[in-house]
Amino acid sequence: MFITFAFVTLLGALGMLLQKNVIVAGLCMVATFFGVAGLFLLLANPVAAALQIIVYSGAIMVLVLFVIMMLNSHEEETAQTARPVQRWVSVVLVAVLALGAVKLVLSSAGLKTLAVKGQPMPGAMTLQQVGTTLFAEHLLGFEVAGLLLLAAMIGAVALTKRNL
Amino acid sequence: MTGMDAILNGGLQGFLVVALLLFAIGLATVLLRRTLLMQFMGVELMLNAANVALLAFARYRGGDAQATVFYLFIIAVAACEAAIGLALVIGLYRHRGTTDSDRAASLKQ
Amino acid sequence: MNKYYWLIPILPLVGAAFNGLLGKRAGKGAVTFVGLGVVFGSLLLAASAFLAMKATGDHRLVLNYGEWMATGSLSVPFGMVIDPLSGTMMLVVTGIGFLIHLYSVGYMHEDEGYARFFSYLNLFVFFMLTLVLGSSLVLMFVGWEGVGLCSYLLIGYFFETDFAPDAGLKAFLTNRVGDLGVSIGMMVLFAAFGTLTVSDILTQAGHLAPEVGFGVLTFATLMLFVGATGKSAQLPLYLWLPDAMAGPTPVSALIHAATMVTSGIYMICRLAPVFSLAPITMDVVAWVGAATALFAATIGLVQRDIKKVLAYSTVSQLGYMFLGLGASGFAAGFFHVFTHAWFKALLFLGAGSVIHAMHHEQDLFKMGGLKAKTKITFVTMFIGTLAIMGFPGTSGFFSKDEILYLAFLKSPALWVVGVIGACCTSFYMWRLMALTFWGEPRDHHAYDHAHESPLSMTVPLMVLAVGSLCWGVWGIPEAFGGTFAIGEWLKPALTFGQLHGAHGHHAGPAVLLACISTGLGLVMGFLGWSTYRNGPAAELAFAERHPFLHDLLLNKYYVDEGVELYLLRPIRWFGNVLWKLFDVIIIDGVGVNLPGALARVFGDFTALFQTGRVRNYALSMALGAAVLLYVFLK
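Chains as they are written, first to last, in the working numbering: chain S, -2 to 161; chain F, 2 to 110; chain L, 18 to 651.
Source of the hints: derived by calculation from the structure; they are not laboratory data. Keep in mind that a hint or two might mislead.
[What the hints assert, rightly or not] What follows is a set of in silico ranges between Cβ atoms, one per label pair, in the way DEER data are often shown:
id : chain 1 : residue 1 : chain 2 : residue 2 : range
1  : S       : 67        : L       : 609       : 57 to 67 Å
2  : F       : 104       : S       : 63        : 20 to 30 Å
3  : L       : 609       : S       : 96        : 44 to 54 Å
Backbone N, C-alpha and C define an ideal beta-carbon position, used for all residues, glycine too.
Let the sequences and hints guide you as you build the complete structure.
See below:
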């Protein structure tokens, strides 16, 4: 199960990276998000999975796709000047980072102790648990997040007005 | 090879590897694509990778709801950032007629 | 009364400040009153101090007015020492100084800068007194430098002309070369004796171990002599004195005849015991003095400017003084300082009177026949000339012959040089007198307007003339039946702290030598007078026949030109090199511009990173993060 979801996620991401057409790339992104939701399910966190799908693929990606279509930028424009150095440095850097990180994770002793099989795992996350924690301990954070969303809303409207 | 084992069977290390690879791909997108919107999507991908790592650790270290709450906040922030960012991209397009980030280089020395 | 003696130098300083700061506004009357008054007051106090000194048993008054510097082992109090040497000099400075101030009232009467003149003159008196009375070499040096400054100020008094400021600068710079010698000498003395107080040095001088002492003292005294050379215009640092005639005549009289130029001799007399212990230096002093005496006298033979003749005469007479010192005749040398002050001041002031009468004409070839018109000036200058040529009975006779006698004892060659110089002296002085006062007037216009000078100018002339005649009595040597009183008088000062006394003389050769030199002098004088009494025709003829010799002497052996060519031009070239190479290229280019250019290059380089492109910035951030991660996770 894990492998499947992992593959979906990673393939979607790669697709997004490599696609020329921006809309197709966006759709690959959506697939990635679904994969991630699946991973969350495997982590016994259905709340997170649901939220992922609703908010990320349902709202954010839709917004992005709207903007893409509005701005008519389906195709990637040709570069003004080819910059092979930058391209290759980036690729190398990213590859190094990825492989290094992976190797680190795999060889870490501390992580190994955490992942021993046979340990009793906690139960699945319930919405009730989340809600209780949220409104009991993190009420201030909740309010502030609300305020932030308000500000973002106002900001977005203000920024896109044609005539201020 | 407990490592490979974990990867194949969904242990903590597996999730972490996925998260790290996702982060790497997101970074690559930001660095290699010129369209602002693609770069934005890369950033979202990096955020998601972080989320995966967060929840994986939460699960394997006691699994209370704190992590999920935090995840909620991360999503809220990501949404705000998406709204503002896209608004800015629209503004840039109106001024420059392009969404190529390389052309928006008037802060050049 | 002791506590007022500090006013002796300070009164003139006050006068200088008043005249300098308020003089122009206060008016000529106030300036005259203050300018003369402070010097007169100083003179009275000096007389009082002199008498007080005589009353003490060892003829020595030491007055300390507080500490100036006390660091480490060096202690320099504001102190005065009044002993026979400094006391006599003090009276000369204030007395003859006063006469010259009085003379200046008349001479400078029409000048715009009257107040400035008196301010500088008073300032000079202050510094000269500091030099004379200072109890330590440091105070003496302050005075030394100060009189050099005043000399510069007064020579360059007519600053609107081209020539005077240059002459002032020349004097100052030449003096500076000498001052270097004095500084080094002082430092060596301090290193050797640990003190700069004169009395301490003299006391310790005798106790210095011979092997160490000899080298150290020789070096120190040679350096001090270099300084004396500069200040007292001996070879080779005499070049400034003839040019100094660009200053007003009273200045030439006071500074360049009577007082400042004798500071070198004064200093050597003060440190006489130290110099006595350095026989090599004494030889150098004697020979330089003799050479200068002859050298300058020959130049004076053909000069046309009346003041220039007297200037070279001064250089020559100073040479005689040094000759006396070098021959261990410290008292004799100082005696000649004393008599020379009287008759040279007289001659200069007389020349000033002549110039005044001839309406600022200074060329001898244009004068003539003045003895009918300016009688007092004529008579007084006649007396002065008698004194300088050593006419028997005048003060100059006794002082000069004492020196020549001592020179003979040291080395007959020195005596010969001295006598030749004396002959030249006689000749050129009578040439001067003849051209000025005898014969037909050559410039009728000026002659018609010529008149005797006012009382304020003639009274000093008369006083000085009497002095030139009479002071001889102080120094009549035993050979002529006297007691050489001045030698006895000066002994406590000259031999302070020493164990042995001065040497005696023999009567016989002294009389014979004196007769020879005086006789030759009289002959040459008569020759000079008779050649020129009808005008300069003879000289012009001589110039025709021997142009090379004549021009050589007239142009002062081309020394000035030589200095310009071989010394000054290389120095200027070097300065130019320092400027073009060092300053512009190295300091400006490398020191200042290079860092600037480097900063710019570096800045331009780092600016390359500011592309304005977001992706580049993101890449840089990612690279940075990677490096940090690597470092922290290592």
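Going down the list of hints, with the structure as the test:
| no. | hint | result |
| --- | --- | --- |
| 1 | S:67 to L:609: 57 to 67 Å | holds, 59 Å |
| 2 | F:104 to S:63: 20 to 30 Å | holds, 23 Å |
| 3 | L:609 to S:96: 44 to 54 Å | holds, 52 Å |
Going down the numbered hints, you'll see the structure goes against none, and every one checks out.
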